[in-house]
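Go ahead and model the full structure; you've got the sequences and the hints to work with.
So the protein sequences, as listed, match chains A and B. Quick note on my numbering: the first sequence kicks off at 1 and runs consecutively. Quick note on my numbering: the second sequence kicks off at 1 and runs consecutively.
Rather than coming from a laboratory, the hints here were simulated on the basis of the structure. All C-beta atoms, glycine included, are put in the ideal place defined by N, C-alpha and C. Any given hint could turn out to be false.
[Stated by the list, open to error] Here are the simulated lysine-lysine pairs, DSS-like style, with alpha carbons at most 25 Å apart:
id, chain 1, residue 1, chain 2, residue 2
1, A, K46, B, K402
2, A, K22, B, K409
3, A, K124, B, K409
4, A, K79, A, K6
5, A, K22, A, K6
6, A, K22, A, K46
7, B, K402, A, K22
8, A, K58, A, K90
9, A, K81, A, K124
10, B, K153, B, K137
11, A, K96, A, K124
12, A, K22, A, K96
13, A, K58, A, K79
14, A, K58, B, K402
15, B, K402, B, K290
[Unchecked claim] Now the in silico label distances, taken between C-beta atoms and shown as ranges:
id, chain 1, residue 1, chain 2, residue 2, range
16, A, K124, B, K125, 49 to 59 Å
17, A, K124, B, V410, 12 to 22 Å
18, A, S99, B, I300, 30 to 40 Å
19, A, K96, B, M304, 40 to 50 Å
20, B, W412, A, H13, 20 to 30 Å
21, A, K90, B, E272, 26 to 36 Å
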Amino acid sequence: MAYSDKVLDHYTHPRNVGSLDKNSPEVGTGLVGAPECGDVMKLQIKVNPETSIIEDAKFKTFGCGSAIASSSLATEWVKGKTVDEALEIKNTEIVKELSLPPVKIHCSVLAEDAIRAAIGDWKKKQGQEKSAPVVQHANVVQQA
Amino acid sequence: MSADVMSGNGNVKLPIYMDNHATTRPDPRVVEEMMPYFNELFGNAASRNHEFGWVAEQATEQARERIAKLIGANTKEIIFTSGATESDNLAIKGAAEMYREKGNHIITQATEHKAVLDTCKRLEKYGFRVTYLPVQKDGRIDLDDLKRAMDDKTILVTIMTANNEIGVLQPIREIGAICHERGVLFHTDAVQAVGKVPFNVIQDNVDIASISGHKIYGPKGVGALYVRRKNPRVQLVAQIDGGGHERGMRSGTLNVPSIVGLGKACAIANEEMAEEGKRLGALRDRLREKIMGQLDEVYINGSMEHRLPNNLNISFAYVEGESLLMGINDIAVSSGSACTSATLEPSYVLKALGAGDDLAHSSIRFGLGRYNTEAEVDYVANRVVETVTRLRELSPLYEMAKEGIDLTKVHWAAEPTH
Numbered sequence: 001m002a003y004s005d006k007v008l009d010h011y012t013h014p015r016n017v018g019s020l021d022k023n024s025p026e027v028g029t030g031l032v033g034a035p036e037c038g039d040v041m042k043l044q045i046k047v048n049p050e051t052s053i054i055e056d057a058k059f060k061t062f063g064c065g066s067a068i069a070s071s072s073l074a075t076e077w078v079k080g081k082t083v084d085e086a087l088e089i090k091n092t093e094i095v096k097e098l099s100l101p102p103v104k105i106h107c108s109v110l111a112e113d114a115i116r117a118a119i120g121d122w123k124k125k126q127g128q129e130k131s132a133p134v135v136q137h138a139n140v141v142q143q144a
Numbered sequence: 001m002s003a004d005v006m007s008g009n010g011n012v013k014l015p016i017y018m019d020n021h022a023t024t025r026p027d028p029r030v031v032e033e034m035m036p037y038f039n040e041l042f043g044n045a046a047s048r049n050h051e052f053g054w055v056a057e058q059a060t061e062q063a064r065e066r067i068a069k070l071i072g073a074n075t076k077e078i079i080f081t082s083g084a085t086e087s088d089n090l091a092i093k094g095a096a097e098m099y100r101e102k103g104n105h106i107i108t109q110a111t112e113h114k115a116v117l118d119t120c121k122r123l124e125k126y127g128f129r130v131t132y133l134p135v136q137k138d139g140r141i142d143l144d145d146l147k148r149a150m151d152d153k154t155i156l157v158t159i160m161t162a163n164n165e166i167g168v169l170q171p172i173r174e175i176g177a178i179c180h181e182r183g184v185l186f187h188t189d190a191v192q193a194v195g196k197v198p199f200n201v202i203q204d205n206v207d208i209a210s211i212s213g214h215k216i217y218g219p220k221g222v223g224a225l226y227v228r229r230k231n232p233r234v235q236l237v238a239q240i241d242g243g244g245h246e247r248g249m250r251s252g253t254l255n256v257p258s259i260v261g262l263g264k265a266c267a268i269a270n271e272e273m274a275e276e277g278k279r280l281g282a283l284r285d286r287l288r289e290k291i292m293g294q295l296d297e298v299y300i301n302g303s304m305e306h307r308l309p310n311n312l313n314i315s316f317a318y319v320e321g322e323s324l325l326m327g328i329n330d331i332a333v334s335s336g337s338a339c340t341s342a343t344l345e346p347s348y349v350l351k352a353l354g355a356g357d358d359l360a361h362s363s364i365r366f367g368l369g370r371y372n373t374e375a376e377v378d379y380v381a382n383r384v385v386e387t388v389t390r391l392r393e394l395s396p397l398y399e400m401a402k403e404g405i406d407l408t409k410v411h412w413a414a415e416p417t418h
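Next comes the structure, spelled out in structure tokens:
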């Protein structure tokens, strides 16, 4: 299979590889996929509690080149966005940006899932502090 | 497409081809011998009344002799086909149809090539009963399983000599003996084994054997089927109707240039196999040692003891196969990862070993061949080590494993649906 230049670029020079402290209240962690399926993405965001702006994002991915590229791109895109803006990111935009072929669309879906899971985790942590977990959780479900 | 790169022991030319189970580069001696049969020696081997036909027939008969010699057969026992897929189809469907009166049970095993498995599945639709034997962890069948599976309706056992993914050799001599004791025919897909390891239809108790041209440095689009003529005499019902060529078993004008090429490839193998096997075995072991000496959590798939000398199939835990292939894109190898397969399923061969889907996704098949050098092996080993190391830095699974998390105990957000 021939890869697009953008996939190759993200694969060769992945952005924001690494890990954030998953126990920090400011950090949300999303872990999606399964080893048996050949794809596991971990995407983490660090959110400013005052502004809800995602100040940092890191990822690690087990998966094909397109999965690595999708998650690398996702970290680039969520950085600097507010949590609500980040939830607007659609997998189809990732497909378009990376020119993913149909068989690789699931990689973009997984990246979108990873963003949502990370934000969900962060919201859960916030909710626990603000003692309003049910509402926050429902929000996530509605948007998903 | 190519570049010279310094690597340890000298120059290697890129890209490096190390996928010799998929196909092999035709030997220049093969190509040279084929050439006249595309040009002035173009006759139809079935033309009995003129020089053009005689020359063509003579050429195909020489090829028959060379193939027969390599596998210990008689020339009359060699049928030419379009390749091993056709050979497998003819062997299995042809025997099933011929011996239907005697019984309707066929035995095969889980890691066969699709040309065998899908042919058996087709026969199931026509009322045949097929037993698919499991393999053990080392990739070999248990002979007791075979004995238990046999009944008075069993007419055919079809089990490959060497596997195309993991290179594991089945105990065909013992399988053949068990079949002969019970009067059951034994077919073996010998595509990966012929010309690579000793294979003799008499000593190995084989009744029908499939052979391919392009796996042994010959041309594509040509194969052969060995069909035993005595003890027992095997008859097959033709699957292609026509002029009654090839003792009525396979109609169609003979592909003379390719048959000449297949014959030459067999002649070369006959001369050079012993030495080449030793050389490739040493290169393969060098590759394995260099990789395993530098990486942890690397697993060999299948038996090392009963294995083709040119095969190495390794799973690199926590690294997905296609991404690894992408990182070593100046090296041609294959992966058992779902992402590299047309079906988007991980290798059924590796799954049959019980390794788990995760290790199937992480597997790479190295198939060494006639033209690989030590410098290439060193280059490949270095590139693999470097890329696996880089991808593990990127792998959440590697990180979790290093933290002491048991990955099998994690509840994954997306559990597989299959």
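Hint check results:
| no. | hint | verdict |
| --- | --- | --- |
| 1 | A/K46 - B/K402 | 23 Å, holds |
| 2 | A/K22 - B/K409 | 19 Å, holds |
| 3 | A/K124 - B/K409 | 23 Å, holds |
| 4 | A/K79 - A/K6 | 19 Å, holds |
| 5 | A/K22 - A/K6 | 29 Å, violated |
| 6 | A/K22 - A/K46 | 10 Å, holds |
| 7 | B/K402 - A/K22 | 16 Å, holds |
| 8 | A/K58 - A/K90 | 19 Å, holds |
| 9 | A/K81 - A/K124 | 19 Å, holds |
| 10 | B/K153 - B/K137 | 29 Å, violated |
| 11 | A/K96 - A/K124 | 31 Å, violated |
| 12 | A/K22 - A/K96 | 31 Å, violated |
| 13 | A/K58 - A/K79 | 10 Å, holds |
| 14 | A/K58 - B/K402 | 18 Å, holds |
| 15 | B/K402 - B/K290 | 23 Å, holds |
| 16 | A/K124 - B/K125: 49 to 59 Å | 53 Å, holds |
| 17 | A/K124 - B/V410: 12 to 22 Å | 19 Å, holds |
| 18 | A/S99 - B/I300: 30 to 40 Å | 37 Å, holds |
| 19 | A/K96 - B/M304: 40 to 50 Å | 47 Å, holds |
| 20 | B/W412 - A/H13: 20 to 30 Å | 28 Å, holds |
| 21 | A/K90 - B/E272: 26 to 36 Å | 59 Å, violated |
Violated hints, listed in ascending order, are 5, 10, 11, 12, 21; each of the other numbered hints is respected by the structure.
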